[in-house]
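Engineer: Respectively, the protein sequence lines represent chains A and W. Just so we're aligned, residue 1 is where the first sequence starts under our numbering, counting upward by one. Just so we're aligned, residue 117 is where the second sequence starts under our numbering, counting upward by one.
In short, the hints are calculated from the structure, not lab data. Fair warning: there could be bad hints in the mix.
Straight-line Cα separation of at most 25 Å, DSS-like style, residue types lysine-lysine; simulated pairs [stated by the list, open to error]: (1) W/Lys125 x W/Lys173; (2) W/Lys210 x A/Lys115; (3) W/Lys125 x A/Lys68; (4) A/Lys68 x A/Lys42; (5) A/Lys68 x A/Lys58; (6) W/Lys210 x W/Lys130; (7) W/Lys210 x A/Lys58; (8) W/Lys210 x A/Lys42; (9) W/Lys125 x W/Lys160; (10) W/Lys130 x W/Lys160; (11) W/Lys160 x W/Lys210; (12) W/Lys210 x A/Lys49; (13) W/Lys160 x W/Lys173; (14) A/Lys42 x A/Lys58; (15) A/Lys115 x A/Lys42; (16) W/Lys173 x W/Lys210; (17) W/Lys160 x A/Lys49; (18) A/Lys42 x A/Lys69.
Each chain, letter by letter, is given below.
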Amino acid sequence: AQSVTQLDSHVSVSEGTPVLLRCNYSSSYSPSLFWYVQHPNKGLQLLLKYTSAATLVKGINGFEAEFKKSETSFHLTKPSAHMSDAAEYFCVVSDPIKAAGNKLTFGGGTRVLVKP
Amino acid sequence: NAGVTQTPKFRILKIGQSMTLQCAQDMNHNYMYWYRQDPGMGLKLIYYSVGAGITDKGEVPNGYNVSRSTTEDFPLRLELAAPSQTSVYFCASKPVPGANVLTFGAGSRLTVL
């Protein structure tokens with residue numbers, strides 16, 4: 001079985017300051033990991049993905065995430081928050097063995113508020 | 117490309133009514149999915165399809181039905197709507213088995229009163 005825990009349901013940052021969104025996972029296999037962003041009243045958009053290549057993954061809009069197997073973590077960071085980063089972020093783990101059935105497991109989400 | 121298109125965006129139903137959420141994609145993706153998103157929760161898989169004529173249950177299929185008569189369309193039917201089905205529904209698709217990146221629609225917000 002696999003699971004994903006996003007450690008913060010809400011994060012509030014000031015514009016221009018760093019953003020850290022924490023994600024821990026468990027998986028029986030070498031997982032694929034993803035971060036998706038959801039802006040208000042929009043569908044989910046892929047930010048970045050880890051698929052067993054480089055452990056530091058760069059995504060869109062200046063976000064990056066580091067896969068740490070020893071800590072079973074995949075935290076998302078951005079050096080300087082922008083007002084447009086206000087959204088909900090989901091950490092997702094994929095079971096590669098059951099890719100056809102798309103056994104994606106979603107974390108509960110972290111809502112990011114950016115203060116001017 | 118339009119990507120994944122869902123209709124309607126919003127709907128209010130009375131308990132016991134039925135309705136169909138429409139999902140269409142124009143990317144020739146074989147794999148299509150329906151998820152529901154409840155407040156403070158991640159997405160839960162309702163049903164999925166790996167191609168026209170083939171559907172399978174996800175984690176939370178009770179109260180729903182799907183069909184896949186064409187590659188493009190994957191409607192989700194709610195029979196006898198219940199308040200527990202109040203949620204935001206997302207349709208998603210992907211092209212091939214190994215590609216785990218989904219393309220999502222904008223969502224359909226359903227309220228059952």
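Engineer: When you check the alpha-carbon spacing of lysine 68 of chain A and lysine 58 of chain A, does it fall within 25 Å?
Structural biologist: 15 Å, holds
Engineer: Holds or violated: lysine 210 of chain W and lysine 49 of chain A, Cα atoms, limit 25 Å.
Structural biologist: 15 Å, holds
Engineer: Does lysine 68 of chain A lie within 25 Å of lysine 125 of chain W when you go C-alpha to C-alpha?
Structural biologist: 39 Å, violated
Engineer: Has the given pair, lysine 115 of chain A with lysine 42 of chain A, been kept, meaning a C-alpha gap of at most 25 Å?
Structural biologist: 21 Å, holds
Engineer: Going straight from one Cα to the other, do lysine 210 of chain W and lysine 58 of chain A come out at no more than 25 Å?
Structural biologist: 22 Å, holds
Engineer: Given the hint that lysine 42 of chain A pairs with lysine 58 of chain A, does the C-alpha gap stay at or below 25 Å?
Structural biologist: Cα-Cα ~23 Å, so holds.
Engineer: Next pair to validate is lysine 173 of chain W with lysine 210 of chain W; report whether the Cα-Cα distance is within 25 Å.
Structural biologist: Answer holds: lysine 173 of chain W to lysine 210 of chain W is near 17 Å, not above 25 Å.
Engineer: For the pair supplied as a hint, lysine 210 of chain W and lysine 115 of chain A, confirm whether the alpha-carbon distance does not exceed 25 Å.
Structural biologist: Given pair lysine 210 of chain W, lysine 115 of chain A is violated - Cα atoms ~36 Å apart, limit 25 Å.
Engineer: Does the alpha-carbon distance linking lysine 68 of chain A and lysine 42 of chain A stay inside the 25 Å limit?
Structural biologist: Outside the cut-off at roughly 30 Å; violated.
Engineer: Decide if the proposed pair is consistent with the structure: lysine 125 of chain W and lysine 173 of chain W, CA atoms, cutoff 25 Å inclusive.
Structural biologist: Between lysine 125 of chain W and lysine 173 of chain W the Cα gap is close to 24 Å, so the pair holds against 25 Å.
Engineer: For the pair we were handed, lysine 125 of chain W and lysine 160 of chain W, check the Cα-Cα distance against 25 Å.
Structural biologist: 19 Å, holds
Engineer: Are lysine 160 of chain W and lysine 210 of chain W close enough, with their CA atoms no more than 25 Å apart?
Structural biologist: 17 Å, holds
Of the hints listed earlier, those the structure fails to meet are numbers 2, 3, 4, 6, 18, in rising order.
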